[in-house]
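Engineer: Spelled out from the first residue to the last, the chains are:
2 protein chains.
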Amino acid sequence: MTERDFQLDARLNNDCLTLGELLSGNRLLLHKNASVTWLIVVPQTDKTELYELPKDQQQILLDEINRLSAYLKERPDCDKINVATIGNVVSQLHIHIISRNISDPYWPGVVWGEQATKKWDQIEIQKIIRELQAKQIISG
Amino acid sequence: MTERDFQLDARLNNDCLTLGELLSGNRLLLHKNASVTWLIVVPQTDKTELYELPKDQQQILLDEINRLSAYLKERPDCDKINVATIGNVVSQLHIHIISRNISDPYWPGVVWGEQATKKWDQIEIQKIIRELQAKQIISG
Numbered sequence: 003m004t005e006r007d008f009q010l011d012a013r014l015n016n017d018c019l020t021l022g023e024l025l026s027g028n029r030l031l032l033h034k035n036a037s038v039t040w041l042i043v044v045p046q047t048d049k050t051e052l053y054e055l056p057k058d059q060q061q062i063l064l065d066e067i068n069r070l071s072a073y074l075k076e077r078p079d080c081d082k083i084n085v086a087t088i089g090n091v092v093s094q095l096h097i098h099i100i101s102r103n104i105s106d107p108y109w110p111g112v113v114w115g116e117q118a119t120k121k122w123d124q125i126e127i128q129k130i131i132r133e134l135q136a137k138q139i140i141s142g
Numbered sequence: 003m004t005e006r007d008f009q010l011d012a013r014l015n016n017d018c019l020t021l022g023e024l025l026s027g028n029r030l031l032l033h034k035n036a037s038v039t040w041l042i043v044v045p046q047t048d049k050t051e052l053y054e055l056p057k058d059q060q061q062i063l064l065d066e067i068n069r070l071s072a073y074l075k076e077r078p079d080c081d082k083i084n085v086a087t088i089g090n091v092v093s094q095l096h097i098h099i100i101s102r103n104i105s106d107p108y109w110p111g112v113v114w115g116e117q118a119t120k121k122w123d124q125i126e127i128q129k130i131i132r133e134l135q136a137k138q139i140i141s142g
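Sequence lines, in order, name chains A and B. If you read the first sequence in our numbering, its first letter stands for residue 3, the second for the next number, and so on. If you read the second sequence in our numbering, its first letter stands for residue 3, the second for the next number, and so on.
Calculated directly from the structure, the hints in this document are not laboratory data. Do not rely on the hints blindly, as some may be mistaken.
The list treats identical chains as interchangeable, and a pair is accepted whether it falls inside one copy or across any two copies.
[What the hints assert, rightly or not] Okay, derived cross-link-like pairs now, DMTMM-like style, lysine to aspartate or glutamate, Cα gap no bigger than 25 Å in a straight line:
#	residue 1	residue 2
1	LYS120	ASP48
2	LYS49	ASP79
3	LYS49	ASP123
4	LYS75	ASP7
5	LYS120	GLU54
6	LYS137	ASP48
7	LYS137	ASP58
8	LYS57	ASP81
9	LYS49	ASP81
10	LYS120	ASP7
Please read all numbers here as calculations on a predicted model, not as lab measurements.
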């Protein structure tokens, strides 16, 4: 699939903000629920299961998961990283990388299916984008 | 960490059955909740985050996730694979690989935090073990 063919799923588009493009061209989203810092990587693929991705795309994705996890861990209040690909509702392959805090409203439960309790401030979003660009995780 | 030092977390030990050892020495568990086929890989490590694992261990784990996902997809009634590492309750690093069906009792929600609704039959467990051994995914 080429960049030109890439179509973000309507539900992901509705639930998330786009932070930018990872160096691979994969899309990086931020979930609108600001109670947790919830990143989502959307690879450029028609496959719906992680194991179906070609090996080279898996390697790129693993590297992106590693770099984004390390970034989240450096931010304040990150007690645990949750990494998951579920896709029961949205079939377009996407990987959640979520910074969890023992005081967040869902802890120790998972975040999926929970109501959003807080909105992102635009200043904070711009700060995240600048930090990810400075680390050369997203292009910009 | 050597095999000798490996200690399975008490909660994982209580919630799961051990299917065997993957070829890497990582432990393969089956969650006792038989409403879904729920595999759990427990790597031999003291790290608690996926991104902290050395690259070679990550590669082994990725290969195990691929092979176990393909195995689950071949079994009856698998509509989607859920792959996740969460660790909010049990800090010992473990990776969930779960076969989901659109008629399972939790669909399209996630399985974590839900009550078990069905127990495994011993005959069925032995069948899974034999299949995983035949595919050389677990030793034995």
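Engineer: Now tell me, hint by hint, if it's right for this structure.
Structural biologist: Status of the hints after comparison with the structure:
For the identical chains of this complex, LYS120 and ASP48 are neighbours neither inside a copy (32 Å) nor across copies (34 Å), given an alpha-carbon limit of 25 Å. Taking identical chains as interchangeable, the C-alpha atoms of LYS49 and ASP79 lie at most 25 Å apart only when they sit on different chains, with a minimum of 19 Å there against 34 Å within one chain. In this homomeric assembly, LYS49 and ASP123 never come within 25 Å of each other (Cα to Cα): the closest approach is 34 Å inside a single copy and 33 Å across copies. Taking identical chains as interchangeable, the C-alpha atoms of LYS75 and ASP7 are never at most 25 Å apart, the minima being 33 Å within one chain and 27 Å between chains.
Taking the shortest Cα distances, LYS120 and GLU54 never come within 25 Å of each other, neither inside one copy (35 Å) nor across copies (30 Å). In this homomeric assembly, LYS137 and ASP48 never come within 25 Å of each other (Cα to Cα): the closest approach is 29 Å inside a single copy and 28 Å across copies. When the C-alpha separation of LYS137 and ASP58 is checked against a cutoff of 25 Å, the pair qualifies both within a copy, at 22 Å, and between copies, at 24 Å. Taking the shortest Cα distances, LYS57 and ASP81 sit within 25 Å of each other only across copies (22 Å), while inside one copy they are farther apart (31 Å).
In the homo-oligomer, the alpha carbons of LYS49 and ASP81 lie at most 25 Å apart only across protomers (14 Å), although the nearest pairing inside one protomer, at 32 Å, exceeds that limit. Taking the closest pair of Cα atoms, LYS120 and ASP7 never come within 25 Å of each other, the shortest separation being 33 Å inside a single copy and 43 Å across copies.
Hint compliance for this structure: hints 1, 3, 4, 5, 6 and 10 are not met, and every other hint is.
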